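*Asks:* Fit chain B to the supplied structure of chain A, relying on the hints for placement.
Number of protein chains: 2
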Amino acid sequence: MEKCHEKVIFSHLCDSNFTLRIMFEDKDARTELSKLGEFGLIKHLAEHIKLGNPSSVKGIGDDAAVIQFENGKQTVVTTDMLLEGVHFDLSYCPMKHLGYKAVSVNVSDIYAMNASPKQILVSIAVSNRFSLEAIEELYAGMLLACEKHGVDLVGGDTNSSRSGLIISITAIGEVDKNDIVYRSGAKPGNLLCVSGDLGSAYLGLQILEREKKIFMENPQIQPDMEGNDYLLERQLKPEARKDIIEQLKENGIRPTSMIDISDGLASETLHLCTESNVGCRLYENKIPIDQIAMLRAQEFNLNPTMCALSGGEDYELLFTIEIKDHDKVKKCKDVIIIGHITEKAEGANLVLTGTEMLTPLTAQGWDALLKK
Amino acid sequence: MEKCHEKVIFSHLCDSNFTLRIMFEDKDARTELSKLGEFGLIKHLAEHIKLGNPSSVKGIGDDAAVIQFENGKQTVVTTDMLLEGVHFDLSYCPMKHLGYKAVSVNVSDIYAMNASPKQILVSIAVSNRFSLEAIEELYAGMLLACEKHGVDLVGGDTNSSRSGLIISITAIGEVDKNDIVYRSGAKPGNLLCVSGDLGSAYLGLQILEREKKIFMENPQIQPDMEGNDYLLERQLKPEARKDIIEQLKENGIRPTSMIDISDGLASETLHLCTESNVGCRLYENKIPIDQIAMLRAQEFNLNPTMCALSGGEDYELLFTIEIKDHDKVKKCKDVIIIGHITEKAEGANLVLTGTEMLTPLTAQGWDALLKK
Chain A
118 MEKCHEKVIF
128 SHLCDSNFTL
138 RIMFEDKDAR
148 TELSKLGEFG
158 LIKHLAEHIK
168 LGNPSSVKGI
178 GDDAAVIQFE
188 NGKQTVVTTD
198 MLLEGVHFDL
208 SYCPMKHLGY
218 KAVSVNVSDI
228 YAMNASPKQI
238 LVSIAVSNRF
248 SLEAIEELYA
258 GMLLACEKHG
268 VDLVGGDTNS
278 SRSGLIISIT
288 AIGEVDKNDI
298 VYRSGAKPGN
308 LLCVSGDLGS
318 AYLGLQILER
328 EKKIFMENPQ
338 IQPDMEGNDY
348 LLERQLKPEA
358 RKDIIEQLKE
368 NGIRPTSMID
378 ISDGLASETL
388 HLCTESNVGC
398 RLYENKIPID
408 QIAMLRAQEF
418 NLNPTMCALS
428 GGEDYELLFT
438 IEIKDHDKVK
448 KCKDVIIIGH
458 ITEKAEGANL
468 VLTGTEMLTP
478 LTAQGWDALL
488 KK
Chain B
118 MEKCHEKVIF
128 SHLCDSNFTL
138 RIMFEDKDAR
148 TELSKLGEFG
158 LIKHLAEHIK
168 LGNPSSVKGI
178 GDDAAVIQFE
188 NGKQTVVTTD
198 MLLEGVHFDL
208 SYCPMKHLGY
218 KAVSVNVSDI
228 YAMNASPKQI
238 LVSIAVSNRF
248 SLEAIEELYA
258 GMLLACEKHG
268 VDLVGGDTNS
278 SRSGLIISIT
288 AIGEVDKNDI
298 VYRSGAKPGN
308 LLCVSGDLGS
318 AYLGLQILER
328 EKKIFMENPQ
338 IQPDMEGNDY
348 LLERQLKPEA
358 RKDIIEQLKE
368 NGIRPTSMID
378 ISDGLASETL
388 HLCTESNVGC
398 RLYENKIPID
408 QIAMLRAQEF
418 NLNPTMCALS
428 GGEDYELLFT
438 IEIKDHDKVK
448 KCKDVIIIGH
458 ITEKAEGANL
468 VLTGTEMLTP
478 LTAQGWDALL
488 KK
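Residue numbers (this note's numbering), protein chains in the order written: chain A, 118 to 489; chain B, 118 to 489.
Chain A extracted, bound-state conformation (with noise of 0.2 Å):
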């Protein structure tokens, strides 16, 4: 049943418009990764990796890949961990979408310091209910992520897992010394600003996680996806804002803080806040919802606000400009000001709808999300 399971939902995402480049094509070959080896997986691996960036001087064969960036220039670098069962269930996250969603969080911690990412690590760990097939599309979907962002797969490791999937990746990223910024350079008086909508993957989750316990409870019934393909693509294939970054650039702002939104609008202002010794007035209104989001958080019995606030996994970026900076930000595409930055004194502060009432911000985390 699980395999049918997998089976039904894996076809509604191919139908859907995230149509990733095929790589591998033979979806009912399944060879055995022990066929090959640790040392037979990697080199069937990196025949599919090329260096494209000057400054990965030795990638995948060595001890260590090395790296030259430009005098004068600082490396950033960041990692992450995502566990089946813990992070993704592969029920509902095709590999392909899990190998572009595991490199999309990563670059998203480097676009989050203002800097472009380069290269990337990455070590997974496998049991032998994974075929070469599946590994495979795992790293197609990273190489897409890779080309995106114009990043350079250069080192990882590969290893058995007694248990579930398991991918650690290192993003390492490049960035001029005066264009860095930091969590803690927000200053009173200063906007806080957000690029596209919150909460949507979130929603997306729940969509996920309901239909697959109609399914399991009941595999004769075809999982509902209608109307949800942004929700879904938010939360299975998220897109690290190299473009925010990049218009930031063109228009000439230097944000004064900033960081990505991974655990949710609230616990990421109030590591702002708290990092730039800095309170904040954030407003209700102004927080960027889908139309869809409203919808689904209505039919989920939802506050669409707390899912924004709370839901996470929005990879969207979260900073702050000077007060000068207000009519370049205005040109900037899918960037919205939802606050500012006050003295600490004031605290982290959420201005509610329609009361103007204020109301302290707390990072609630996934299970404290409130009913409507």
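Any given hint might turn out to be false.
Copies of the same chain look alike in the list, so a pair counts if it fits in one copy or across any two.
Pairs of lysine to aspartate or glutamate, DMTMM-like flavour, derived with a Cα cap of 20 Å [unchecked claim]:
1. 175 - 291
2. 304 - 392
3. 450 - 155
4. 294 - 187
For the record, the hints were derived by calculation from the structure and aren't laboratory data.
Every value quoted in this text rests on a predicted model; they were computed, and no experiment measured them.
*Replies:* For chain B alone, coordinates are given in the frame of chain A:
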């Protein structure tokens, strides 16, 4: 029983001459990780972490760590994942030792590039089986290794695991462009050298596995670790060979190729030969094997040469030098010449002791260790 078993073997190791600095004393206290949450855990661990290298611009606390090496330096990066039940067994591997080993095996890859390790990022996944105190022990071991190698812990990720403990470490080092040593530079006529001794870590593992088995069958029998301290340490607390890299530099030797020994002498020699497009002749009677290892191999009915060739986890350095450096290498402590590089057509061969017969080197892997 599991708990009791752990205590017995642990207590031996506490008596051994591995005197890890006791950062956290109260062994009986058990603080649940759920009490702190992810951010609480990171904050707590970060309190013990200080940056020491000028190149570590920003450590834990932002979206990414920031590094700036001197102009002209190249950056080397490597990553390794360790999984409970695959790479380590917590019934005989204390958390402190495990932390120390996890860092050692990563910086060993940096030394193998003739580079100096400077930063690491550490990702872990833990279940609620682990207490805060256990995680503190793990980090105490990691920080001890960091101190020894002059490395800063600048970032990472903490996650929940549904099964065992997972540790993924990325190590970053720097090297002058002209000093870097790849696997691919060996030339016919070069001398093949190795540091330390080989096979001991594998025999240490055999002893631990044997004593575990005896204990599981009869918990009344105390593990017999007598006289095996050296072998146990080689397995549980391997040392990355910083001293060898320093000696080579002091003596004006730049190896033509280098690799660290994680999978066994045979496998690594074959890597050097393949990458350098050469053959080699390796003399069995030159392979450095410790006296205790010799004795224990006999007890286990194992061929000591096979333990050295295929046992692995020695984390010694295997390298080639130009013949003109023969006299210089003789001055290096704990380094010996075990063979020489030949034309590719001659193949990679082992010269058997006594017979002077040649036998092709093969990478047997752990499962294939031949009985004597």
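*Asks:* At 20 Å max between alpha carbons, let me know whether residue 175 reaches residue 291 within a copy, between copies, both or neither.
*Replies:* Answer is both; intra-copy 17 Å and inter-copy 14 Å each pass.
*Asks:* Could you figure out if residue 304 and residue 392 sit no more than 20 Å apart (CA to CA) within one copy, between two copies, both or neither?
*Replies:* Within one copy, since 11 Å is at most 20 Å while 54 Å is not.
*Asks:* Is it within a copy, between copies, both, or neither that the alpha carbon of residue 294 lies no farther than 20 Å from that of residue 187?
*Replies:* both (12 Å within a copy, 13 Å between copies)
*Asks:* At most 20 Å between CA atoms: does that hold for residue 450 and residue 155 within a copy, between copies, both, or neither?
*Replies:* So residue 450 and residue 155 fail the 20 Å test inside a copy (46 Å) and across (34 Å) alike.
Hint compliance for this structure: hint 3 is the single one not met.
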